[in-house]
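Chains as they are written, first to last, in my numbering: chain U, 3 to 116; chain V, 346 to 459.
For the record, the hints were derived by calculation from the structure and aren't laboratory data.
Heads up, some of the hints might be wrong.
[As the list claims (entries may be wrong)] Once the Cα atoms are required to be at most 20 Å apart in a straight line, the calculated EDC-like pairs of lysine to aspartate or glutamate come out as:
| no. | chain 1 | residue 1 | chain 2 | residue 2 |
| --- | --- | --- | --- | --- |
| 1 | V | Lys446 | U | Glu16 |
| 2 | V | Lys416 | V | Asp376 |
| 3 | V | Lys401 | U | Asp103 |
| 4 | U | Lys80 | U | Asp59 |
| 5 | V | Lys446 | U | Glu46 |
| 6 | U | Lys26 | U | Glu16 |
| 7 | U | Lys80 | U | Asp103 |
| 8 | V | Lys446 | U | Asp58 |
| 9 | V | Lys446 | U | Glu85 |
| 10 | V | Lys382 | U | Asp59 |
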Amino acid sequence: DAGVIQSPRHEVTEMGQEVTLRCKPISGHNSLFWYRQTMMRGLELLIYFNNNVPIDDSGMPEDRFSAKMPNASFSTLKIQPSEPRDSAVYFCASRGPPLRDTQYFGPGTRLTVL
Amino acid sequence: DQQVKQNSPSLSVQEGRISILNCDYTNSMFDYFLWYKKYPAEGPTFLISISSIKDKNEDGRFTVFLNKSAKHLSLHIVPSQPGDSAVYFCAAGVYGGATNKLIFGTGTLLAVQP
C-alpha cells in the first residue's frame, strides 16, 4: 500500500523563479496538510484541506505561497516568486485510516533557493 | 506563541539505558497527543499516541505518559537501541474535532550511543 507521495524529492532553483511542489495523499484519506520544517520553527503547518476544500491557510507565510487541491488524489504548493529564505524541507501529510486522527507524512521535498 | 514545546533540542543516551523525551503544552483544549519519529531524509512516522482519558499508553519499548494537570507528556524508550537515534516530535490536537490540526513541537534529537 503506497504511502503519501511527494515530488520532486529535491529542488534547486534561483531566486525569483516559480516552484511547484506536488503531493498525492493516501487513497481514502480526506484531509491533506502542507508543512514546512526549519531549524528555528520545527514543523510548521502552512495549510490544510478537508475533502479538497482549504480550511485553514493561516500558516501560509505570504501571498507568494499558494496551494490547491483540484481532486482527492492531488495537491500542489506553489511559491512564486521564490526567495532564499524559502529554503526548507516541505512535507505533505494526509489523515485517515487506519488511525483516524493520525497524520501520515510523505518523504518531503528539500527546496534550495539560491 | 509556541503551544507545544520541546525544551531539549538534543539528548544523548547509552545503549540499553532509558531515554526520556519531554514535551509541554499550553492549550488546555488539547486532548490527543502523538509522538512522531523522524530519520534524516525521511518524513516523520507515527510512533505512539495517547488521549486525555488515559495517563499512560504502552507499545513495546515505547511508553507515553500524560500529566494533564501539569500539561506535560513524556516518551520513555526502554531499553534504548542505536536504531532509535532520530528526531522525535511531539504533537497535540483535539480528538475528532472540527478542526483537525496538529500542533508540533520543534523536536528533540536523540542519539543512542553503542
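Consistency of the hints with the structure:
With a CA separation close to 32 Å, the supplied pair Lys446 of chain V and Glu16 of chain U exceeds the 20 Å bound. As the CA atoms of Lys416 of chain V and Asp376 of chain V are separated by approximately 10 Å, the hinted pair is consistent with the 20 Å bound. A threshold of 20 Å between alpha carbons decides the hint, and for Lys401 of chain V with Asp103 of chain U the separation of about 18 Å falls inside it, so the pair holds. Distance check on the hinted pair: Lys80 of chain U and Asp59 of chain U sit about 13 Å apart at the alpha-carbon level, within 20 Å; holds.
For the given pair, Lys446 of chain V sits about 11 Å from Glu46 of chain U by alpha-carbon distance, which is consistent with the 20 Å threshold. For the hint linking Lys26 of chain U to Glu16 of chain U, the alpha-carbon distance of about 26 Å lies beyond 20 Å, and the restraint is violated. At most 20 Å may separate the alpha-carbon atoms for a hinted pair to count; Lys80 of chain U and Asp103 of chain U exceed this at roughly 27 Å. At roughly 9 Å between alpha-carbon atoms, Lys446 of chain V and Asp58 of chain U fall within 20 Å of each other, so this suggested pair holds.
Taking the CA atoms of Lys446 of chain V and Glu85 of chain U, the gap is near 27 Å; set against the 20 Å cutoff, the hint is violated. Distance hint between Lys382 of chain V and Asp59 of chain U is unfulfilled; the C-alpha atoms sit about 26 Å from each other, more than 20 Å.
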